[in-house]
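Note that the protein sequences, when read in sequence, are chains E and A.
Reading the first sequence from the start, the letters are residues 1 to 231 in the numbering used here.
Reading the second sequence from the start, the letters are residues 232 to 310 in the numbering used here.
Take these hints with a grain of salt, some might be off.
Stretch by stretch, here's where chain A covers chain E in the computed footprint (C-beta under 8 Å, at least three residues) [said to hold, decoys possible]: (1) 57-63; (2) 102-108; (3) 142-154.
Here are the simulated DSS-like pairs of lysine-lysine, each with C-alpha atoms no more than 30 Å apart in a straight line [to be verified]: (4) E/Lys-22 with E/Lys-35; (5) E/Lys-109 with A/Lys-271; (6) A/Lys-242 with E/Lys-109; (7) A/Lys-271 with A/Lys-241; (8) E/Lys-109 with A/Lys-241; (9) E/Lys-22 with E/Lys-77; (10) A/Lys-250 with E/Lys-109; (11) A/Lys-271 with A/Lys-233; (12) E/Lys-35 with E/Lys-77; (13) A/Lys-271 with A/Lys-250; (14) A/Lys-271 with A/Lys-242; (15) A/Lys-271 with E/Lys-35.
In short, the hints are calculated from the structure, not lab data.
Here a beta-carbon is modelled for each residue, glycine too, at the ideal position from N, C-alpha and C.
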Amino acid sequence: MRVGVVVFPGSNCDHDSYHVLKHVMGCETRFVWHKEAGLEGLDAVVLPGGFAYGDYLRTGAIARFSPVMRSVVEFAKTGAPVIGICNGFQILQEAGLLPGAMLRNRGVKFLSQPVQVRVERADTPLTAGLRAGELLTMPIAHGEGNFYLPDDELRRLEDAGRVVFRYAARTGGLDDASNPNGSVNAIAGVCSAQRNVVALMPHPERAAEPALGCSDGRRLFEALTRSLVAA
Amino acid sequence: MKARVYVTLKKSVFDPQGKTIHDALLSMGYSSVAEVRQGKFFEVTIDGVSPEQGRRIAEEIAARLLANPVIESYRVEEE
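Please build the complete structure, drawing on both the sequences and the hints.
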């Protein structure tokens, strides 16, 4: 299986994602510069975290018009996995591949801390083989992660089972104190209607090896490789 | 022509930055300030087209790039 990690000017988790995919998971992995138009030969694409175009205008707003994004939209239409992490999530929202928008964190501050995330759905390429209700610990690092969607659209998203991750307490319950940024319904990750485009604000690539203090994030990369093998 | 584009968060969307600015104003003693909403302002210079085309271009770029329709609304003015 071959995975591409898209590099925008200002991406800064591209090497972390590449490292986990290639050296921890053993996937054939290559960087895809944002000016490249083609994603030929790839089985999955990861849009990593960072500050593409310095977050100018809005997070992801400029990156969404990078040449590679036209190919990412076509690639997503084929049903192949497209994974967004943090800034990658924001770019996928701006590109219209995922719903909602990220507001400034409700406390206004940039948050860099570990959080508990509850897996809501196991029927996506990033959660295949996990159990709904499982708790994972991963770090977040963002200033704009306050997921917002108007009420009626939010209801449709929930009804379609497209919320994949939520910020949760250690007990697995949802409460305001465990929702770091004020996201509606504590949403930390969602998927597309076809379920192949999946993104989350926490950073699984920063929690994928024992040396980093936590390996929970590795579970998501394992799920991705499993679903690629199965495909 | 010059177009001015104002982008603001929709009324239904909470504005944490505006709230923080408001809190600061209250602590400065401006007790009569009831609310602050933060937005963005763009000056766009458009050359070589008719005023009508210029208006259309300004509206289009506001809708496609300058504002995110999920959370923001915009207003275009001509100079």
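Here is how each hint holds up against the structure:
Counting residues of the stretch 57-63 of chain E whose CB lies closer than 8 Å to any CB of chain A gives 3, so the stated coverage by that chain holds, three being the minimum. Counting residues of the stretch 102-108 of chain E whose beta carbon lies closer than 8 Å to any beta carbon of chain A gives 6, which meets the minimum of three for the stated coverage. With 4 residues carrying a beta carbon less than 8 Å from a beta carbon of chain A, the stretch 142-154 of chain E meets the three-residue requirement, and the given coverage holds. In summary, the hint linking E/Lys-22 to E/Lys-35 is supported, as the alpha carbons are separated by about 22 Å, within the 30 Å threshold.
Pair hint E/Lys-109 plus A/Lys-271 holds up; C-alpha atoms about 20 Å apart against a cutoff of 30 Å. A distance of roughly 22 Å separates the Cα atoms of A/Lys-242 and E/Lys-109; the hinted pair therefore holds under the 30 Å criterion. Taken as a hint, the A/Lys-271 and A/Lys-241 pair is honoured in the structure, with Cα atoms around 13 Å apart against an allowance of 30 Å. The suggested pairing of E/Lys-109 with A/Lys-241 holds, with an alpha-carbon distance near 22 Å, which does not exceed 30 Å.
A hinted pair counts as satisfied when its Cα atoms are at most 30 Å apart, and E/Lys-22 with E/Lys-77 qualifies at roughly 25 Å. For the hint linking A/Lys-250 to E/Lys-109, the alpha-carbon distance of about 13 Å falls within 30 Å, and the restraint holds. Using a Cα cut-off of 30 Å, the hinted pair A/Lys-271 and A/Lys-233 holds, with the two alpha carbons roughly 16 Å apart. Proximity of E/Lys-35 to E/Lys-77 is assessed by CA-CA distance (about 20 Å); at most 30 Å being required, the pair is judged to hold.
With a C-alpha separation of about 16 Å, the suggested pairing of A/Lys-271 with A/Lys-250 holds against the 30 Å cut-off. At roughly 15 Å between alpha-carbon atoms, A/Lys-271 and A/Lys-242 fall within 30 Å of each other, so this suggested pair holds. Straight-line distance between C-alpha atoms of A/Lys-271 and E/Lys-35 comes to about 29 Å, which keeps the hinted pair within the 30 Å bound.
In the structure shown, no violation is registered for any of the earlier numbered hints.
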